[in-house]
Each structure stands twice: as C-alpha cells, then as structure tokens.
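Q: Sequence:
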Amino acid sequence: MLSSSKAAQDSNLTDSPITRATLLLRLRDGEDNEAWAEFLRDYGPMLYRFARSRGLQDADAADIVQDVIRRVGSAISRLDYAKEKGGFRAWLFTITRNRLYTYFEKRKRLGPTANDTAQYEMLSQAPQASNELHEAWEREHQRQLAGQAMKEVEPEVEPQTWKAFLMTAVDGISAGDAAKQLGMTTGAVYVAKSRVIARLKTVIERLQQEDQ
56 MLSSSKAAQD
66 SNLTDSPITR
76 ATLLLRLRDG
86 EDNEAWAEFL
96 RDYGPMLYRF
106 ARSRGLQDAD
116 AADIVQDVIR
126 RVGSAISRLD
136 YAKEKGGFRA
146 WLFTITRNRL
156 YTYFEKRKRL
166 GPTANDTAQY
176 EMLSQAPQAS
186 NELHEAWERE
196 HQRQLAGQAM
206 KEVEPEVEPQ
216 TWKAFLMTAV
226 DGISAGDAAK
236 QLGMTTGAVY
246 VAKSRVIARL
256 KTVIERLQQE
266 DQ
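Under our numbering, residues 56 to 267 are what the sequence shown spells out, in order.
Hints should not be assumed to be uniformly reliable.
[What the hints assert, rightly or not] 30 Å max Cα-Cα, derived DSBU-like pairs, lysine-lysine: (1) 235 - 248; (2) 235 - 256; (3) 206 - 256; (4) 206 - 248; (5) 218 - 256; (6) 206 - 218; (7) 161 - 206; (8) 235 - 206; (9) 235 - 218.
It should be emphasised that the hints constitute simulated quantities derived from the structure, not laboratory data.
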C-alpha cells in the first residue's frame, strides 16, 4: 500500500522530483549543476535510445546526446516556455532532429550506407511529414515518462508493495507465485499491483502535461 509516512517526508527531500517548468527555469542558470544533472538523468537515455533507433552506433549516439545537451544549454535562455507555442518536448525534438540531419548529411558525403540514405531522406522531409520519426520519438518519450514515474512513485510505497508490482507487472510472474515468494495473499498482491499502477498513471498524466 501507499506509505503515508514516506509520502509525508517526500516534500522535505532535496532529491524529490522537480516540475518540468521549474527545471527549465533553473536550466537557464548555467551554474545550476543539480538542475543539469536532473535534466541529463531524465532526458539523456531517451535521446540516446532515439539516436540508436536511427541506426547510429553507440559512440555516435552518445555524441548526438552531448551535442543536443550543448545546444539546449546555449538556447535554453531564449526558450519561451509556452504550451501554445509547442512546448518543451516539441522544441527538444526539433533540436534533436536537426542534429541528426547534420550527422546524416555529413555521412551522405562520405559514402553512405542504405540506412544513412534512408534516414537522411526522412529527415529532409517537412517535420509534419515524418510520421515514422515522430512515432519513434513518442515511443521513447513514453518510456522516459514511465521511468520518471517509477522513480517518483517507488519511495511513496512500502517495499513489499513495490516488489509485488515489479514481480507481476514488470517481470510477468503470476500473482499466486509472487504471493508465495513475498509471503502475501494473492489478493494482497493484486491490490498492491493495482494501487501502484493507478498511482503511476496519475504521475505519468502529470508529467505529460508538464512536457507539452
């Protein structure tokens, strides 16, 4: 079940998740290392996976991530964080898309592979026409949100509840087997799983609103 004592303590924790709008404002201070570390933890894996999904090798994908982070750092002070103007997620996608375009443009001049050519042609299209690119971005974004939500929700619940959720919802273990391993009733495992999932959905919905 949800831990009321832990939830009450969360507001006093210095490492509790900060809202996206607040994070973006703090990033404008180039000396706020904590904010930049938070940003890199939240978005670095997403950017890396997206670059890899375009066919980049590990080192090249890592370079793209660093390049995007540098671009964000140099442009964040000019970002008008207004949802009606597309929001942060769309802005980050544009930066990432542009860096990938530059990467594949260079590859095109150096004897491109079939994938290089396909990716270059896709990135050369008008942004609204790149459906597959947007779908790949959204898939990675959803993974990122799920990871953030799990990081936020885990401290709110009892360890046993979290284990029951992980075993059944993530590892695919049956509720009966999980109950035996955890010393719980099958019904208690189902309740634990449903409560954590409900809380995760709430957090993900909030994060989606903040990222738009």
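Q: Mind checking the alpha carbons of residue 235 and residue 206 for me, to see if they're no more than 30 Å apart?
A: 26 Å, holds
Q: Just to be careful, I want the Cα atoms of residue 161 and residue 206 compared with a cutoff of 30 Å; is the pair within it?
A: 38 Å, violated
Q: Hint check: residue 206 vs residue 248, CA-CA at most 30 Å. Holds or violated?
A: 16 Å, holds
Q: Between residue 235 and residue 248, is the straight-line Cα distance small enough, at 30 Å or below?
A: Status holds; Cα separation ~15 Å.
Q: Between residue 218 and residue 256, is the straight-line Cα distance small enough, at 30 Å or below?
A: Holds, at roughly 18 Å.
Q: Holds or violated: residue 206 with residue 256, Cα cutoff 30 Å?
A: 13 Å, holds
Q: What's the verdict on residue 235 and residue 218, does the C-alpha distance respect the 30 Å limit or exceed it?
A: 13 Å, holds
Q: Would the pair residue 206 and residue 218 pass a check requiring their Cα atoms to be no farther apart than 30 Å?
A: This hinted pair holds, its Cα atoms lying about 14 Å apart.
Q: Is the straight-line distance between the alpha-carbon of residue 235 and that of residue 256 30 Å or less?
A: The hint holds at about 27 Å.
Comparing the model with each earlier hint shows a violation of hint 7 alone; every other hint is respected.
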